[in-house]
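Assemble chain B onto chain A, guided by the hints.
Protein chains: 2
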Amino acid sequence: MSTAEKILQRHVESLCTNARPAARTVALLPDAKRRAALKAAATAIAAARSAIEKANALDLAQAERDGLSAAMIDRLRLGGKRLDSLIADLRQVATLPDPVGQVLEKRTIAQGIKAEKISVPIGVVAIIFESRPNVTIDAASLCLRAGNACILRGGKEAVHSNRALATAFRAGLKKAGVNPDVVQLVQEQDRALIPLLLSRDDALDLVIPRGGEALIKAVVACSKVPVIKHDKGVCSLYIHAKADLRMALSLVINAKCQRPGVCNAIENLWVDQTVAKSFLPALSKALQKANVEVRADGRARLMMPNAIRATVEDWTTEYLSLTLAVGVVDNLDDAILKTETFGSHHSDGIITRDVKAAERYLAEVDSACVYHNASTRFTDGGQFGFGAEVGISTNRVHARGPMGIRELCTYKWLCRGKGQARE
Amino acid sequence: MSTAEKILQRHVESLCTNARPAARTVALLPDAKRRAALKAAATAIAAARSAIEKANALDLAQAERDGLSAAMIDRLRLGGKRLDSLIADLRQVATLPDPVGQVLEKRTIAQGIKAEKISVPIGVVAIIFESRPNVTIDAASLCLRAGNACILRGGKEAVHSNRALATAFRAGLKKAGVNPDVVQLVQEQDRALIPLLLSRDDALDLVIPRGGEALIKAVVACSKVPVIKHDKGVCSLYIHAKADLRMALSLVINAKCQRPGVCNAIENLWVDQTVAKSFLPALSKALQKANVEVRADGRARLMMPNAIRATVEDWTTEYLSLTLAVGVVDNLDDAILKTETFGSHHSDGIITRDVKAAERYLAEVDSACVYHNASTRFTDGGQFGFGAEVGISTNRVHARGPMGIRELCTYKWLCRGKGQARE
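Protein sequence lines, in the order shown, are assigned to chains A and B. Residue numbering for the first sequence follows the working numbering, beginning at 6 and increasing consecutively. Residue numbering for the second sequence follows the working numbering, beginning at 6 and increasing consecutively.
Excised from the complex, chain A in its bound form (with noise of 0.2 Å):
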């Protein structure tokens, strides 16, 4: 083993030493004191601004010199309201209502036992993510309410802001009295720590990936924990024969145009052979002048002759830009199985009148959300009502969608009984 691969043995070795005790502590904490130790948290974060500013002008200052782009510059940015609202969030995280110890089913088993089912924190949750460094203190809040220990893992472009914002939050932990591991950062950002940590599942309970294909698939790759998956949304809007045309139009481009670059936005637009005529032209006015460039099958161009041809690609890409693959399908039956086909089975929706044909499509798409005349930006945690999402599921099993502090939570089952033994 070369020395390089020891001090990330060592480093991974400690973070799952201290994840376990601290695990068992903040799941026996009771509510207030995890309130507590939420808001002290948010307490010292406040008291450290400038060291966070100072922290993030280092990052920022880092992807100027790296090139990177715009965009990424202003994910990384972390100065003024944005660490107000942070402060903010994390404040309101401790306002939440407590998923820990809710009963969520009784039932009398063998011989009158009664047993009772109660929501209980999973344990050691590991976070890995990309670039926006907020992301280190929503994941802690989060996992902290729902009386978890986390290991997280963010980017190397905000490391500095990353190591000052989880400083901060331990120390505000320290001075609520709460074992500070309840929250650990990762700090060697060589990559080939990943597959070390992930190896371990005797000291982690779940993994949650979040950020692009590349990072996920490597972590689905190496990982020996439960991952939840936080992938790409292909998602889509089906317009109907019976569609309300004027609030296809409006849905159309509030799932398309309000925020291109997130997971919830659609990609494929199918419309219905029967309505093509009436609505692909005012649709096509209405992307252009919403800049949104369009990708359309045969059909489909010959009502909206601006659009370039789709390719098979396009069905399956995830644009997360100003850019719409159009297609006309011949009904329901065509538009639900090219949804199934081609769709990440993230958010999907159909705009319709009729009834039965939106029960069908909301009984046979076989997506995490399915929209009835609405648009598919509704699928987030803060839209649920569920006060804050670690993000949204692509898993299929246990949390499916926008995952919230219930999400984190797993169950027991109590059983009290007065001597029974098995026949």
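Bear in mind the hints are in silico, worked out from the structure with no lab data behind them.
Which copy is meant is left open, so a pair is good if it fits within one copy or across any two.
Restricting the straight-line Cα-Cα distance to at most 25 Å, the calculated cross-link-like pairs of lysine-lysine (DSS-like) are:
{"#": "1", "residue 1": "122", "residue 2": "111"}
{"#": "2", "residue 1": "179", "residue 2": "44"}
{"#": "3", "residue 1": "247", "residue 2": "423"}
{"#": "4", "residue 1": "423", "residue 2": "111"}
{"#": "5", "residue 1": "361", "residue 2": "282"}
{"#": "6", "residue 1": "423", "residue 2": "119"}
Only chain B this time, still in chain A's reference frame:
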């Protein structure tokens, strides 16, 4: 790539290609049709009885030639009454309430959109198991009841039996007009197939390994697909200072001896120092009578002179046999600490008349099932009233503890709006 590798690769490709459309079909089948398919499978297995028994005889003969233990050979056996009860169980699964399409939660989200969280099948479930051929039918029937397609890979000792069972099951499906690929059996026994199959996270949604530690480790090490482990049970009872000692004696004997080879039998017993003197001599006699070998710590051996001295390994060993590790603990805290440190977080119990102590134990012991005054042997889908079980999950996410048809479902959000766009 060698010819052997090409054959495996082609087989995996075919399993994966068939599974997704089959999963889609079965997910959309109405309840009555899924019930009918299960009944048809039961009828087909009854009709194929002689073929199944012939196949089983081949496996038994091979097992004799290979010198397998009597216990192993017994687990392979599938004739007569065992086949009757397998068919009866299959018919019983058809009578379980439909776990699919249940409304798990309703909430009004942003701007008055009505969101409904409903249960849906997970999709394609791979189950990798050892020896007992009846798992083929258990797994197939539970997956189908919950609207999932499955890919089954049984142990090589049961290869003929598994093939005969799967062939009959698929014939039943065909007769009921259901795509037989809802249940696929891996045909190649080469272990090299497993990593190839489990790298296909595009085609599989979940893998459940059932078997010994080596199997589970191998699956976790190579899987890109989410894994729900059915891992070992190092379960315990704690005899508290205020225990009813007659109840304690009967529950220790039940939890250890009623069926020692299963995961919910106890391996460790913790006895409070205040009752050690009054409890251990009587226990010693009772265990001797039941042919249980005792491994005890220093304090326990003072009252159990026949016991072997326990080593550190004893406290973490799943004996699966008539062996019990016995230790004396200082108090409730010590008992909780030792249960948490050495146990596998499967099933643990406290025996006491002191409700306060019991509630602390229930709250602080972090196991899938925690008992007060009852045997740990109740951790079982049948005992919990789930009708049937795929097994006992030792994962911390999604499904924890007994896993029935409900735990073979995930959910999706249906969102019904009136044209709402995100602001």
